[in-house]
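**Student:** Two chains, each in its own frame: build the complex with the hints.
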Amino acid sequence: MTGKNYIIALFVLFLIAFLSNSCEYEPHKVFYRAVYEDVPPPEVQVVEMFIESDTVFLYSDKKIRFKFVSSDQEIEAVRFVIDDVEKYIVSSNTGIFTLVYNSLTYGIHTLDLEVYTAKGSGSIAEQLGLEGYVFTKTWVLDVVDYMGNINNTITSTVKNGLLNLTWARYRGSDFSEYILNKSGYSAEIIKLSSNHYIDSSYVGEFAMYDVKVSTADGLLLPWGNLLLGGDLPRLYFSVSDNNLYTVKWSRSKYFGAIDTFKMNISNDFRSSYSTYYTTGNPEDTVCNISPAYFGDIISLKLRVIPKNSIQYNPENYYLFESYLSDIRPGFQFSMVNGQVIQDIRQVSKDEFLCIAGYNNLIKYSVSQRRISGHYYFTDCLDNEIYSLSASASGRFLTIYGNCNKDVMLANSGNFNNNNVRDLKSLIGDFYLPYIPVSDSGTVLVDSINKGFFLYDHPAGSVLTYYQKENFKTSGLAISANGKYIILKDDSLRLVQYSDSQFINIRSFSRDSPPAFFEFHGEFPDRLVIWEENEFSVKQCADFSDVYRFGLIDSRILDIDYFNNRMLTWSAGHLFVRSLNDGTLINDIPLIIDPTSDGKACYLVNNAIVSINGVLYFIEE
Amino acid sequence: MKQIFYILLLVLILPLNGNSQQFETGIESGVGTYIMEELKEFNDIMTYTLPFDTKIVENFPMYFFHRPYIYLKIRNISFGPIYTFQSTGSRISAKDYSGEYRFDMIINSHSPGIGSEVSLIKLYNIKFSVSSAFAVMFSNLRFKEYMEVLEDVMVKEAYDFRSVNMFYEPGVKFSYPVQFLNIGINAAYLFQIGNKSFYSVDNKEAGLINPESGEPVKPRWSGFRAGLSVSFCFPQSQKVPVNY
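Sequence order for the protein chains is A and B.
Heads up, the first sequence is in the working numbering, so the first residue is 1 and it goes up one at a time.
Heads up, the second sequence is in the working numbering, so the first residue is 1001 and it goes up one at a time.
Hints may contain errors.
[As the list claims (entries may be wrong)] Partner residues are not named here, just some residues of chain A that face chain B (Cβ under 10 Å, in silico):
hint	residue
1	Glu24
2	Val30
3	Phe31
4	Ala125
If you're looking for bench data, these hints aren't it; they were derived computationally from the structure.
From the three backbone atoms N, C-alpha and C, an ideal C-beta is built for every residue, glycine too.
For reference, chain B alone in the conformation it holds in the complex (with noise of 0.2 Å):
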């Protein structure tokens, strides 16, 4: 972890002393499909285990995902800093007269890490572009179980717990530029790197179990990423004919 801070304080420091290049800076938002088939099976465990009836509403459905990012651009080649923050969740759920459950799970991730972009040709001024990002995930997940019955509330509770992965993305780019800006539509896979389960953190030794299976539960973060992104470069330069 030491060594991957190290390379994102240099690729953020570096820039500062450079007056050749041209900076690129802007921000991706799209949708993105999540796995999450452990946390899917854990869902299920507990539509059955509960004595009344109850259904799954929301699991894991896609989601945004946010990815401002400020790229070193020398000739074709972008490469900087990049942040990205997804989020999607789950609900169990039961209402009636005499009461309501739902069961909650909310999983987000904070990733910073790098991206690069590689302009490949450029026709009638739309640029296409391939790209790919490695980033360190931070993931937090949050369980949240509330039940009240004939106007009592029975059970109200929140348990926390969080996973450290990484993941690999490539993706290809189609950008135009519109007076200063860069609007581009952006496709990619993400690519789990590591498997690690989650930990509670009340207590980190506690991890996540499946309680049939007894295996820990881990964050499965796979899944298409497609957006928009909007970006501008600085300083803005001189036109000068870009050779291919």
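Isolated chain A (complex conformation) (with noise of 0.2 Å):
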């Protein structure tokens, strides 16, 4: 019994322990803070800060430097965010914060800028930063790819005869000023505010313009540049039916930089200008150039001075110069001024053939002053011509062409009616001969050996074969109708070819031979000679006289059969004679010797044609 309560004090013992486990210790009390909620919001100022307008235009790394002021609570933080990102925050009421502009994309972005304050109340919320006052403002970020269209921004234009240039306004509150620095070769520099500027000194010549930002941190940053190449007044050469030279300039459009045109000739290939006219007046841009002949090559130069140019000095003065170089005084009839022009060969009362360029053959109507026929190769890059003959009577032509450097026969009224043959087992590999040319086809082919081959150009077969011991053999010129030849061996002679024989009709010294011969051009059977000062038109057969009177020119030019005439030559003088008594026509003043390589002039209807690509009208 007594154990058993002894169990049962155990059990209450523990039950005890246990209840009283439920009387543990715990904390009740709480400590009201002292706050005020109700506290009205400060008056923030902005001490410091440049960003006035409400779009910021960034072309570079910007620092924004900031400052405020509160009126009561204190200024917990500031905070700049673009486009929803945290990008600077201090807890401070001043610093300085930068827009980096790599950092962005070009375009529209949004800048926030948030100033903190304490709410003033003193809270656990305010304590924590999780309670107070926020003011915000918003400005349009525009991040500007400037760079992309740097040589582009500046535009130019022309008013009142000013070179006016404008240029991308930069929009940045940090502007401070436009630099404008103008070279060509001297520099200049212009500080300007504007946009724009108007360059009282620039009369065309060749420029570059190049602009930069100042801004108030004293970035320089590229904002622009313009090359103007040169836009001087160009020159232009013309001549009259009456054969006056002109030269015309378009007029300048900086007509207002400008004090004086000068117009300089030169007749020795540019070595050296004479100042031929001079003006004040931009609206006088012709000039007649008396000093110029048919025939020679001039050079123009029209020097434009400025009114006030530091760039105007003696070693930029063809910076302001327009030039017309190496002109031929004369209307021209080859493609292009300059141009070479080989072996002129009249083919009828009009028209002429020759080798423009080296692979042209044209033919000219004198009287339409135009190409009236053409025909190149087409076949191979090393299409050029080479040694055009034409019959006496001008219908038919031999070339070389094509790539193989064969002989066409062609109409020279129809080039397209030809006939080419590889004649280099006659003439070899690299000797490019004339091939004088009859009407029936029969050419004369100089052998690289010692004599030459009659040669039958339409059947493509040798007829004969002519040489001379000890003495080189050529085929100088045969007849329009085949029968006769002219040739040179011992001799010059004038020989019938009859049944394959050359039967000598007549014979001249070869180391003087007659100051000019050839095949009658309207009459096959006919030779035309002048020797002793005696110009005489003979019969082939039996070389008797169809008619004969004096000339004594220095030299026969050319004869123009097909109109009656003919083309002398005496020192300053070209002279247009009858071919029926050599009386004078037409007595053309000349400073050239036409009788000089590459001066050459011939006679076609009423013109006078220059191997320099000119024509001269014969007045009538």
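**Tutor:** Below, the structure is given as structure tokens:
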């Protein structure tokens, strides 16, 4: 019984012990803080911050210095947010925030400024930074891609004869000034606040303009440039029907800046120029070039003198000059000025053939003043044409053409009516002598050896071969009907080809041949010859005179059988004479020697044709 | 610890074999003071590390303890097993319209041990005794931190720590019999024996450290104890003169 009571007592004690655990201490007191909930917001004032507009244009890194003061509550933090992403936060009322140009994509962004102040209540939330006042300001942030357009940012116009330059306006608030640098060979620096500049010194010369923007931070941003490659008046040379030579120039757009125009002329391939004409009138743009003569080569230079330019000095005169070089006074018949003309051959009353620019066979109509026929080889790169010959009548021609330099026999009235033969077996591979041709297609092929072949080009067969021992023999000409040949062996001979035989008709000294001789262009059985100041037309068969007259000029240059006239030369003069009796038709002053290389002149219809590619029209 | 356990077990079992003894069982409850100086220091540090004003509104004040016991009574000596439960705590508090913060520390200890009494004199039926107790203290410390700001609960955390120490508590007792009960008044002083610091329940390697000094934090249960006791003896014996 005692033990049982003891167990019960123990149980009761443990129960009491368990229950006593529920009497654990439990804190319950609360400390109520003294705070002021309804505190009015402070007034925040900007002490320093340089963003005055609603849009911030960003052209480079931009430092934003700021300082704010609050009327009551303390400024806890300043925060900058771009496109909802925090970029800068400082637990102060002052600082410097840098907008980094390269960290932003080009275009429009949103820039938010948030100024946090305490609430002033002293609450737990405030102490933890979770309660306060925030003042926000939002800007549009435009990150400008100006570098991509830098070459196009200066535009030039001309107003009242002066160059006007305009460039895109720098819209950043940190703008200080534009610095315009003009450079040709001397540099000029112009500082200005406007994005517009009138250059009263520019007259159209080569010039470079470069604009930079100077910012308040002292940065120099490349802003634009402009290259003016030169806009001086262009010169145009013209010739009138009465052979007056005139140079015209385009009216200068920059007349407001120009003081004087000076026209200079050179007759010695630009070695020296002399001033020929001066004017200050911008409307005066025409000048007659009386010192120019047919067949000559002249160069013209127009210098534009500005009223006021530090660029204009002797070292830089060429920047202010327009040129027209190596002009051939006359009416140009070549395809381009200065084109090399070779082998002028009259083929009809009004037309002549020539090789123009090495690879063009052209036929030119004098009366129509245009190219009436054109042929060139298209099947290879080396399509040059060599050694144009025409029959005495002008009806047929021979040239070397195509890639293989074969000999083409063609009708001069229709180049496409032609026949091409490879005659290298007769001539050799590298020898391209003229191929005299008759109207029947019989041609004289000078062999690289001692003689020459009489060759039937249409048939493609050799008719005969002629040579003479110990002398190089050449076939110089063949009459239009193919019956007569002028050849040179030990003598200069007129021969008749008949029954495969060469019959000598007349011989002349090889060393002192007649001054001029050739088969008649209209009468195939006749020959013209000029020796000892006697001009005569002879029958080939017996060498008898058809007619003759005295001719004392220095040289016969050409005979136009179709129009029955001849062209002769004596120093300082070209003479057009009648073929019938030598009477003078025209006397044309000339300062060149047409018998020298590259100066040859021909007579076709009413024009003198210069190997320089120009025509001189004879006044009828 | 095993030795203490075996001693307690022996004390609990021994009375079952005796027939001539008398048992006294009862409970002693009262209030105690608790030094807890290191935890108070911890609170002080907490207050000035917080970013807003707070106040230590409760700082380990006097609080109730309870001690049931059962003694074997032989002549004028009583001894036997005791169990002591004591508790106190603290609070750091701040509250306003925007929110509330509180940091509570609640500490208790469960202390099984051995108690004894020796009756010295009895005058006018009032018995004066001296007492002593020796026990193992299993201390439990709980941190509870709570913060609500702008109706948003930002912190709600609890951390538990343990510490094991011992105590010795000498005291005096005046008791007076009322029918079959003995009503007593007790006074004592608890001396904490041992200086073991707190360790985390979740990780025994992690202790509670004073953030300023870096020293481990320990409980300090030492302090005065005063209370009332109620007990009764069984089996009830005939009244025999007692010679002191």
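**Student:** Each hint needs a verdict: does it hold in this structure or not?
**Tutor:** Here is what the structure says about each hint:
{"no.": "1", "hint": "Glu24", "in the structure": "holds (5 Å)"}
{"no.": "2", "hint": "Val30", "in the structure": "holds (5 Å)"}
{"no.": "3", "hint": "Phe31", "in the structure": "holds (4 Å)"}
{"no.": "4", "hint": "Ala125", "in the structure": "holds (4 Å)"}
The structure is consistent with each of the numbered hints, conforming to all of them.
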